[in-house]
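A.B. asks: Each of the two chains sits in its own frame; use the hints to bring them together as a complex.
Top to bottom, those sequences are chains A and B.
The first sequence begins at 1 in the numbering used here and counts up by one.
The second sequence begins at 1 in the numbering used here and counts up by one.
Derived by calculation from the structure, the hints in this document are not laboratory data.
Check before you lean on any hint, since a few could be wrong.
As the list claims (entries may be wrong) - Listed next, with one range per pair, are the computed distances between beta-carbon atoms: (1) Ser124/B to Ala22/A: 16 to 22 Å; (2) Ala26/A to Trp205/B: 19 to 25 Å; (3) Ala121/B to Pro33/A: 21 to 27 Å.
Claimed, not checked - Just so you have them, the derived chain A footprint on chain B, three or more residues with Cβ under 8 Å: (4) 161-175; (5) 304-313; (6) 325-338.
Ideal Cβ placement from N, Cα and C applies to all residues, glycine included.
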Amino acid sequence: MILRLRRAHRRATLAATLLAGAGLAAAVAAHVPDAQPVPTPAALGALDLPALPVGARLLGAARLADATARLYAVPSGPALLELQTAESGGAVRGMPAQPDVLLYWAPGATTDASEPLAGAYLLGAAPTNGAPRRYPLPGHALEGSGRLLLWSLGHHELVAVGPSPEPGAPASAPAPAGEVKR
Amino acid sequence: MSVGYRAVGWNPSKRRYDLVLAAGVALYLALFALVSLTRHPDVTLETVLIRAFGSGALLLLHVILSIGPLCRLSPRWLPLLYNRRHLGVTMFLLALLHGGFALVQFHALGDTNPFVSVLTAETSWGRLARLPFQPLGAAALLILFLMAATSHDFWLANLTAPVWKSLHMLVYVAWVLVLLHVAFGALQDQIEGPLPVVLLAGLLWVGCLHLVAAQAEAGHDRERPAAAGEGWADVCAVDSILEGRARTVVVSGERIAVFRWDGRVAALSNVCQHQNGPLGEGRIVDGCVTCPWHGYQYRPEDGRSPPPFTEAVPTFAVRVERGRVLVATTPCAPGTVQTPATVPEGGA
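So here's chain B without its partners, still in its complex pose (with noise of 0.2 Å):
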C-alpha cells in the first residue's frame, strides 16, 4: 500500500515477474530477428528491429488485454494480473521504439521536421487504400504515453481510482489505433503472408474473451437477494461461507462481500479501493481482508487498512438469523464501525 511516491515498490515477486517478463522479450526479439533474417536475408537491421519492437508491442498488448477477463474467469491467472503494470510499461518502450526507429529511418532525412512529417507525409485521407497509418500510430503512442506515465500508485491515489480507471479505459481506443495502423500499414504490403491471420485471431481472441467473462460477471450481478424486512436483505446461508473467505452479493445494484472468519460475520463493500480489485475474491489474512489483486488490506469490522494505511471501503450491518446472514441495503460510510455478527456454535 502506498503513502508516497517510490519509482518501485521492489519485492521478491516483483523482481521474478519483471525476469520472466524481460527473458520472454528479450528471447521473442531475438527469435523475430533470427527469423527475418533468415527468410529475407536482404532485410536491413533497422528495418527488422522496427518490425521487432512493433510486433513485440501489438503481442504483448493482446496479453495485457487477455489478463482481466482471464482473471474474471479463473483465479489461477491472478498472478499475471498482479504486476500488469510492468508489462504496460514495457509494451509502451517496445512501441516507443518501434516508433524512434521509424522516425528515423523514414523521417529523419528529409527537410521537414520528422513530428511534422509522420503526421503530414501521407496525405490521402479520402482514399481507403492509401489511409495515412502513421499518424494512427502517433495517436496510439501518445496514449500508451499517458498510461504508462500514470502507471503508479501515486497517479492512481493523486486522481482517484475512477478518474485513474477511466483514464486506463483509453487502451482500448490505443488497441483500436494500433490495429488499424498495421491494418492499413504493414498489412497492406504482407497481405499474402500470416499477418491478416494473426491480426484476425488476435481480434477475435480479445473480443470473444471479454465477451465470455462479460457474460459470467452479468449473470452473477443479476441475482437478487430476497427482501428480509425494512432496510435488509437475506444474502445467503451462513454455512455457504467458507471459513477466512466470503460470499459475493448483489445489493442496491453494488457488490457486497460477506466474509465469515472465526465464527463472525461482516460485510464490506466487494471494491478495493487500490484497483478497485474483488475483494470478495479475497481471503482474510491475520484478520484482515486481503484483496486478492495487490494484498491491499482492510479490517472487516471497520472496513479501515491497518495502520499506518488510510484507505477505507464502506461497511455494511450484518444480521445472522435462522441460519441465513442478513445484510443492510444501505451502505455506512467508509471506515464505520459495524459490529460482525455472531454466528452461533455449530454454524447454523
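Extracted from the complex, chain A is given alone in its bound form (with noise of 0.2 Å):
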C-alpha cells in the first residue's frame, strides 16, 4: 500500500512541478507592457491644478459630451488638458454626479470595443462639481490625434468618449460632440 501512495506521491509532484513550471512560463510570456506608468496617487493630487499657469496658452477645444475639453500649451511644462462640465452638480450629460469617474487620454482616433482602455493614459478624476479640472497631458499627445474617454471605476464600464482637442480648433466652435454610452 505505501510503496501504490509513494508512487502516487512522485506521480502528483511531477505533474505538478511540470504544470506549475509551464504556467509560470506562460504567464510570463503572456504579458503585456503598460503603454504608460501608472500615476501615484500622490501624482494624481499634483495634477489637481487650482489655475491655469502664468503664459499658458489655449490651442483648441473639443466636446466630451456636455463638457467641454480645452488644450493649452504651457512656456515651461507639459500641455494641459482642462475639463469643465456645462453645469454645477453633473460631470456628464444624464448622469448624476459620480466620484468614480476617470479621465483617460489614448492615442488615435478609434476605440476597441473589448479594450477600451488598452494605452490608454490615466489622467485622473473627473470633474464633478462644475468647476474646471485640469491635467498635465503625456509628451505624445501633441503628436498626433487622440481621444479623451470617461471610464466609471464602478461599473467598469465606459461612460463617454471623444476626440481630444486638437491645435487649431476653435475654443468658440468646438467639435461635435463625443458620444455618451449611457
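C.D. replies: Here it is, written out as C-alpha cells:
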C-alpha cells in the first residue's frame, strides 16, 4: 500500500512541478507591458491644478458629452488639458455626479470595444462640481490625434468617449460632442 | 496517540514549536511591512497587509512542501516534521487573511455579492494575458481550508490514513493554483521586479528537492533480497542491525522494519498507522518500536500499541540462521503475535 501511495506522490509532485512551470512560463510570455506608467495617488493629487499657469496659451477645444475640453500649451511644462462640465453638479449629461469617473487620454481616433482602455493614459478623476479641472498630458499627446475617455471605475464601463482637442480647433466652435455611452 | 478528540494535545515541544512559528510569522510580516512602506511610501496599509499575508502564506507553503523530502534525505530535519500540521494551519490562516482583505478591498463596495464578484469580476478566460487569477486563488483557499479543517488525529482516525493522505496530497493542486494565481495576478504588475525570480526559485527548489528524495527512495525500493526457501527471504546479516535500531528492507513490494534489541530480532511493517511514518527509522524505547515522526509506539512482538492505545501494524515471522535474518514474505494480520528470533551469543 505504501509503495503505491509513494508512487502516486511522486507522480503528483512531478505533474504539479511541470504544470506550475508551464503556467509560470506562459504567464511571463503572455505579459503585456503597460503602455504608460500608472500615476500614483500622490501624483494624481498634484494634477489638480487650481489655476492655469502663467503664460498658458489656448491651442484648441473639443466637446466630451456636454463637457468642454480645452488644450493649453504651457511655456515650461507639459501641455494641459482642462475639462469643465456645462453645469455645476453634473459630470456628464444625463448622469448624476459620480465620484468614481476617471478621465483617460488615448492615442488614435478609434476605440477597441473589447479593450476600451488599451494604451490609455490616466489623467485623473473627472470633475464633478462644474469647476474646471486641469491635467498634464503625456508628451506625445500633441503629436497626433487622440481621444478622451470617461471610465466608471465602480461599474467598469465606458461612460463617454470623444476626440481630444487638437491645436487649431477654436474654443468658440468646439468639435462635435463625443458619444455618451449610457 | 489519540483515542478521542482534543483540540491540541499540548506538550513542551509543541509549545516551543508554535512559539518559534508565531515569532517567525510576526517577524516576517513586520519586516515585509517595513520594507514595503520604505520602498513605496504611497502604498496603503490595506495593500501592504494583503501583500504581506499573501507572500507569507506562499513562503510558508514552500517551507511545508520542503519538509517531507528533506526528512527523507536527512533525519536532522525531523523536528520540523513533528508539528508540520501547525505550519499548515498557520499557512491557511495567512492565506485566509490575504483573501479576506482582498475581498473587502476589491469587491465589498460594489453592487454584487463580494463572493460572487470574486468569481465573476474577471471574464477573460480565453486570453492568457488577462487570465482571471482570483478564482484560482479562491480554489486554492478552498483546498487549504479542507486540509486545515482535517489536520487533526480525530479526522485521521475517522477518515483512515490512506484517505487522509490522499486528501492531503491535494496540497500539490493547491500549490499549482497558488503559483498560477500569483503568476497571472501580482506578477503581471511586477514582471521586472524580483518576483519572477523568487517564484522560479521556489518552483525549482520544491521540484528538485522532491526529485532528489524520490531518486533516493526509489533506489532503496529496487533492492531485492535473496530467496531463502519457500515463503522466506534472506534480508540482511544480523550484525548489520544496530542494537535498538532497525534495517528497512523491501519484501514482496512492501517495506519491512527488522528490529534488533536485547538479543532478539523482530519484523514489522515499516508503516506507522498514524501518518504512515517510517517505523524502521525509529528506535526501541522502553521495549517498544517508536515512530520517529510523532512518537507512536508498537510492541515488536505483536505490532500492537501498548494499552490504552489500539493501533496495530502487520507483523512478519522471522528467523536467524548462520548470521542471516530470514523474514517471511507474507505478512500476518495487524497485531498478530510473532515470537522474536533469538540472536546467538556473540552475535552471528
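A.B. asks: If a hint holds in the structure, say so; if it doesn't, say that too.
C.D. replies: Against the structure, the hints come out as follows:
1. Ser124/B to Ala22/A: 16 to 22 Å: With Cβ atoms ~19 Å apart, the hint holds.
2. Ala26/A to Trp205/B: 19 to 25 Å: Distance hint for Ala26/A, Trp205/B holds at roughly 20 Å.
3. Ala121/B to Pro33/A: 21 to 27 Å: Holds, since Ala121/B and Pro33/A (Cβ atoms, about 23 Å apart) stay within the stated range.
4. 161-175: Per the Cβ count (7), the hint holds.
5. 304-313: violated (count 0)
6. 325-338: Not satisfied, violated; 0 residues make the cut.
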